[in-house]
Structure formats: C-alpha cells, structure tokens
Amino acid sequence: MAKLIVKFKDATLQEIPITKPTITIGRVDKNDIKIENLAVSRQHAKIIEDGDRYIIEDLNSLNGTFVNEKRVMKGILRNRDEILVGKHTLVFIDEEEKPIEMRKDIDISLAERTVILDTKRQRELVSQPEAQRPTIEEKPSELEGGISIISGGIGQKGIKLTKRLTIGGKGDGADIRLKGFFVGKVAFIVSKRPNGFFITHSGGRSKTRVNGVEVEGQQELKDGDIIDIGSTRMQFHGKK
Amino acid sequence: MGFHFKIGTMTDVGKVRAINEDYFTAVRDLGLFIVADGLGGQNAGEVASKMAIEIVRSHLNNNEGPLVGSYQEEFSHDTNRMLSGIRLANSAIYEAGQKNPEHQGMGTTISSIRIKGDVMGLAHVGDSRIYRIRGGRLERLTVDHSLVEEQLKRGLITEEQAAQSKHRNVITRALGVEETIAVDGDEIVLFDRDNILLCTDGLTDMVGEEDIERIITRNGDDPQRACEELVNTANDRGGVDNITVILVHCLKDEGRAGLLERAFLSIIAGLRKAYGRIPGFLGGEKGEARPNSAGAKDEEAL
Chain P
1 MAKLIVKFKD
11 ATLQEIPITK
21 PTITIGRVDK
31 NDIKIENLAV
41 SRQHAKIIED
51 GDRYIIEDLN
61 SLNGTFVNEK
71 RVMKGILRNR
81 DEILVGKHTL
91 VFIDEEEKPI
101 EMRKDIDISL
111 AERTVILDTK
121 RQRELVSQPE
131 AQRPTIEEKP
141 SELEGGISII
151 SGGIGQKGIK
161 LTKRLTIGGK
171 GDGADIRLKG
181 FFVGKVAFIV
191 SKRPNGFFIT
201 HSGGRSKTRV
211 NGVEVEGQQE
221 LKDGDIIDIG
231 STRMQFHGKK
Chain Z
1 MGFHFKIGTM
11 TDVGKVRAIN
21 EDYFTAVRDL
31 GLFIVADGLG
41 GQNAGEVASK
51 MAIEIVRSHL
61 NNNEGPLVGS
71 YQEEFSHDTN
81 RMLSGIRLAN
91 SAIYEAGQKN
101 PEHQGMGTTI
111 SSIRIKGDVM
121 GLAHVGDSRI
131 YRIRGGRLER
141 LTVDHSLVEE
151 QLKRGLITEE
161 QAAQSKHRNV
171 ITRALGVEET
181 IAVDGDEIVL
191 FDRDNILLCT
201 DGLTDMVGEE
211 DIERIITRNG
221 DDPQRACEEL
231 VNTANDRGGV
241 DNITVILVHC
251 LKDEGRAGLL
261 ERAFLSIIAG
271 LRKAYGRIPG
281 FLGGEKGEAR
291 PNSAGAKDEE
301 AL
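Chains as they are written, first to last, in the working numbering: chain P, 1 to 240; chain Z, 1 to 302.
Just so you know, the hints here were simulated from the structure itself, not pulled from any lab data.
One or more of the hints may lead you astray.
Partial list, derived from the structure: chain P residues whose beta carbon lies under 8 Å from chain Z [said to hold, decoys possible]:
| no. | residue |
| --- | --- |
| 1 | 159 |
| 2 | 162 |
| 3 | 165 |
| 4 | 195 |
| 5 | 211 |
| 6 | 215 |
| 7 | 219 |
In silico EDC-like links for lysine to aspartate or glutamate, alpha-carbon gap of 16 Å or less [what the hints assert, rightly or not]:
| no. | chain 1 | residue 1 | chain 2 | residue 2 |
| --- | --- | --- | --- | --- |
| 8 | Z | 6 | Z | 187 |
| 9 | P | 239 | P | 216 |
| 10 | P | 192 | Z | 74 |
| 11 | Z | 99 | Z | 178 |
| 12 | P | 160 | Z | 184 |
| 13 | P | 74 | P | 36 |
| 14 | P | 70 | P | 52 |
| 15 | P | 70 | P | 50 |
| 16 | P | 34 | P | 52 |
| 17 | Z | 252 | P | 216 |
| 18 | Z | 116 | Z | 194 |
| 19 | P | 3 | P | 36 |
| 20 | P | 20 | P | 94 |
| 21 | P | 9 | P | 36 |
| 22 | Z | 6 | Z | 178 |
| 23 | P | 157 | P | 142 |
| 24 | P | 20 | P | 69 |
| 25 | P | 185 | Z | 74 |
| 26 | P | 160 | Z | 74 |
| 27 | P | 20 | P | 36 |
| 28 | P | 163 | Z | 222 |
| 29 | P | 163 | Z | 73 |
| 30 | P | 74 | P | 57 |
| 31 | P | 207 | P | 223 |
| 32 | P | 192 | P | 223 |
| 33 | P | 163 | Z | 253 |
| 34 | P | 160 | P | 175 |
| 35 | P | 192 | P | 142 |
| 36 | P | 74 | P | 96 |
| 37 | P | 192 | Z | 178 |
| 38 | P | 3 | P | 52 |
| 39 | Z | 116 | P | 172 |
| 40 | P | 74 | P | 95 |
Just so you know, even glycine gets a beta-carbon here, dropped at the ideal spot from N, CA and C.
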C-alpha cells in the first residue's frame, strides 16, 4: 500500500497510509492531511489514485506544490518523490509501483493511408523515456479576470470572465447588459485566450473605448483598464 | 450585426487514391461549414465521413433537441450544440461499425465551424485543420490529434524530426473508433475580411503553410479561385490523398439599423453645413443646441 511520510525539516511527524481514492492536503480541518502552517493554503493539493498510479494535483495554492523541487500543477507520483507543501515535506512511498514502460521503438508500417492508434498503443508510443518526469498536463494555471461595472448599466455589479467569449451589449444574450440608443446588441466581446484577455468592438454606433481610446481590432486588456461604452463605465481586473 | 460570406469549396480524389473518402458541407444560412476525412477499409471511410457530417448538420438544424455529453459552461449554447452533434456522430458511427462487419473499424476526422454574429465556434477531432487568414497572415486554429503532434508536445521529437517523420499519417483521435470521444472546441471573434480555411490533410501534406497563405492572399476576394488553386497545387505535387478545402471569406454586414443611422446622421451633417451659419441651429457656431432626439443626445454624449 502506498503511504505518505510527513516531515518538517529532518523530523518525521507522521506516517499516513493512502486508503482513500482521493487524499486532500491543506490548512483547515476538512482536509485528510491537515498542516497548520500559514504557508499552506486552506485547500492546497490533492492526491488521486488513478488505476495503478497516483497523481498529485495542486489546488491553485498560493505558494505552490513542488515535487522534487519542481513546481507542479499536476503530475504522476513516483516512489520516494518528495512533495513540498509550504514548509513541510511529504515523502511518497509506493513499493509496489510498476516500472514505467520504456518507450518502444515505433513500428507502424508506412502505410500511405491514415492510421488510427488505439489508446493503449498511443500510450506506449508517447510514453516518456525513463529519465524524464512524466507530467500529464502542461496546462498553464488558469487565467482569472473580471469586469466590474462602475456606473451605468442595468444594475449588474460585475461579471467573472469564465467563458471563452464574454459579450457586452443591449441584446438578451449579452453577458454584460448595456443601455443606450446607439449601443449595439452585441457591442463588444472579450476573448479569453491562454495568453490574456482581449477586447474587440463588435457593433452599434457607440464605440467601445479603453482608457478613453477607441478600440480598433483586438486589444489586450490590462489590470485596471477602464472600458466605456455609451453611458456605461466598467473596469477590467485580471491576473495571469 | 454579423457577416455575409463568399464561399469557395472543392474536393478532389487526388492522383493516387481510387475513391474520395472526404466529405464536406457548406450551409450558408446556418453559417455552418464542415470537412471530414473518412478512413477504414473498402468504402467504409466514405460512409463514416458522410454520416458524421449529415448527423452534425441535422443536429444543428434542430435547435431544441437534447444535447449529447456534458454542457461546457465556457462556451455558448451554439458551440455546445456543435460539440454535442459531433459526439452524437461518434456514437452513431461506432455503433454502425460494430453492427456491420464490412464497416468495422471505420472512422473519420471532422473539422467544423459555425459563424453567428461576430462569433465563430470551432470543433474538431483528428488532423483536418482550420486556419484563419487575416491581413495576409495565416494562423492555424486547431491542434492535430496526431502522433507527431503528441510527440512534439512532449518534447520527444523536434520540429525538424516531425517534418521528416514517417508517422505523420498516424492520428490519435477519430470519430467512430471508440465509444466516447473528446472533442476540442474553441470560440473566436471574426473581423471584416477574415478568411477561414477548412481542409483535409490531402492539402496540408502536399502544400506548405507559406504556400497556402500566398495562394489565398493572392486570390483576395475570390475564394472559389483560391480553392481551385490550392487543390491544383496539391495535385501538382503528387496528390497522394484526397483533397478537400472550404474557404469562407467573411464580410461584415452594415445592417439595416446602421444604414438608417448613417442616413440620419448624414442629413444632420448636411443641414449643419447648409445652415451652420445660423447661430444655435443644430450645433452651428455656438455648438450648444442639440437636436431634440434622445438618440442623437446619446451620440453626442459619447
């Protein structure tokens, strides 16, 4: 059975067998492993059983989760990995761990036709060489952004930019509802891309302005930018 | 406001294959454009690509029916419906393959876009691609579900090795192969004069991206001529696979409201010009007096 050894500096504090499919780590009581230290977020990380392996996932903790000194968002745990949470170290022990299959030499005859790989074969072909740490996700930490309504509008206070495209306008489908005779049904659109938030003026005679300048084409939004359209004034907040 | 389209389409068997297993559809009224590249023995690939497109199209035509798979909050309803249609097509092709021995193992790629208003939803599985050409510059909007792309992403091979790889034709996802499918989706904002290209690998294996960019840019506002030139170029270079291209040239609508406003404002401007010398008339000289309509007031307030 896999287990975690909780250490602080050189002292071993606790040995915890992994008996549940998900183990949560954090500062508050409801976690399976509670670490009372301000460097630890309330919900810091979790360990998930996935078939015959275990996966560590950072839960957007403030100070991050490190495996063998490398920051991870999500990664497969290997026997004797050292997980750093705040100032505490959790040593992951899994004696039964199966060795990772070495990457096989690819041997698909060169058919001129397209070939579909089944899932098992795919895993073999793209599995990492032994030396490399298998991270299963390269996904960068999620962008966060929002728009608050400073004045005007129809009573909305603000909106989180969770959608790929957020629409501001007079139409029923708009996420941010605006007023004004010349404001378009779809007046502006904010795109959430991996590298930031971008605003585009879409329609209506009322132009969208950012910090007083009319938006032309697609323009990146910066934290604190003021967006004006018609009689509505808004502010963008965001962090990468 | 939205877009109207100039559309070019072309499909060709190529120089090597006996049959064309690609399929496509262009539904102007729905702003729906799809290409699919079928695979599997006998004529099964042909069946799969056609099934996929017909199912997605009818699923989008009926906007009320239930959705297949989980609703993704980050996308609009329309994009969710398109993703749902592709999942439905996957199940249908998978089942047909299971039931029918000669269709066993058939599958298809699919790349689909839906344009509504200023927004374009994208969905794709496999290695058929979607590009945007804006201001003469080509940008790929999809990531192939192919072995080479997967190896690249994991740093197992370099770009150069990828280009040389003999596994370029190995794809890691296709419709109809497994019971469920992960469909990639996206949404972007379109601009006036954007060109959107959907194509199967019969084009991209033969014609490099610089050449694609050049051919489309050169043919400016004639997407049909661009499509013909793309297909001819692929064939001139060997045409080893079926080639299918759809090119959508997007032109922004003025909109009726826009025209009315414009007319109204130009009358005002004309009056201003004619009577501008009379103090107080429509903002002439003094500039304080305003027309008495609420709308115009708003306009001034901007």
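Structure-based check of all given hints:
1. 159: violated, 13 Å
2. 162: Since chain Z brings a Cβ to about 6 Å from residue 162 of chain P, closer than 8 Å, the hint holds.
3. 165: holds, 5 Å
4. 195: Residue 195 of chain P check fails; min Cβ-Cβ to chain Z is 14 Å, beyond 8 Å.
5. 211: violated, 15 Å
6. 215: Result: violated, 12 Å to nearest chain Z Cβ.
7. 219: Status violated, d = 11 Å.
8. Z/6 - Z/187: violated, 21 Å
9. P/239 - P/216: violated, 23 Å
10. P/192 - Z/74: holds, 10 Å
11. Z/99 - Z/178: holds, 14 Å
12. P/160 - Z/184: Violated: residue 160 of chain P and residue 184 of chain Z sit about 23 Å apart, past 16 Å.
13. P/74 - P/36: Status violated; Cα separation ~23 Å.
14. P/70 - P/52: With a Cα-Cα distance of about 23 Å, the restraint between residue 70 of chain P and residue 52 of chain P is violated, given a limit of 16 Å.
15. P/70 - P/50: violated, 21 Å
16. P/34 - P/52: violated, 25 Å
17. Z/252 - P/216: holds, 15 Å
18. Z/116 - Z/194: holds, 14 Å
19. P/3 - P/36: violated, 20 Å
20. P/20 - P/94: Roughly 14 Å separates the two Cα atoms, so the pair holds.
21. P/9 - P/36: holds, 15 Å
22. Z/6 - Z/178: violated, 37 Å
23. P/157 - P/142: violated, 23 Å
24. P/20 - P/69: violated, 26 Å
25. P/185 - Z/74: violated, 21 Å
26. P/160 - Z/74: holds, 11 Å
27. P/20 - P/36: Violated. Residue 20 of chain P to residue 36 of chain P sits at ~22 Å, over the 16 Å cutoff.
28. P/163 - Z/222: violated, 35 Å
29. P/163 - Z/73: Since the Cα atoms of residue 163 of chain P and residue 73 of chain Z sit roughly 7 Å apart, the hinted pair holds (cutoff 16 Å).
30. P/74 - P/57: holds, 4 Å
31. P/207 - P/223: Roughly 21 Å separates the two Cα atoms, so the pair is violated.
32. P/192 - P/223: Holds, because 14 Å separates the two Cα atoms, which is no more than 16 Å.
33. P/163 - Z/253: It is violated: about 26 Å lies between the C-alpha atoms, which goes past 16 Å.
34. P/160 - P/175: It holds: about 10 Å lies between the C-alpha atoms, which stays within 16 Å.
35. P/192 - P/142: Status holds; Cα separation ~10 Å.
36. P/74 - P/96: violated, 21 Å
37. P/192 - Z/178: Roughly 31 Å between the alpha carbons, so the hint for residue 192 of chain P and residue 178 of chain Z is violated.
38. P/3 - P/52: The hint holds at about 14 Å.
39. Z/116 - P/172: holds, 15 Å
40. P/74 - P/95: violated, 21 Å
Taken one by one, the earlier hints fail for this structure at numbers 1, 4, 5, 6, 7, 8, 9, 12, 13, 14, 15, 16, 19, 22, 23, 24, 25, 27, 28, 31, 33, 36, 37 and 40, listed in ascending order.
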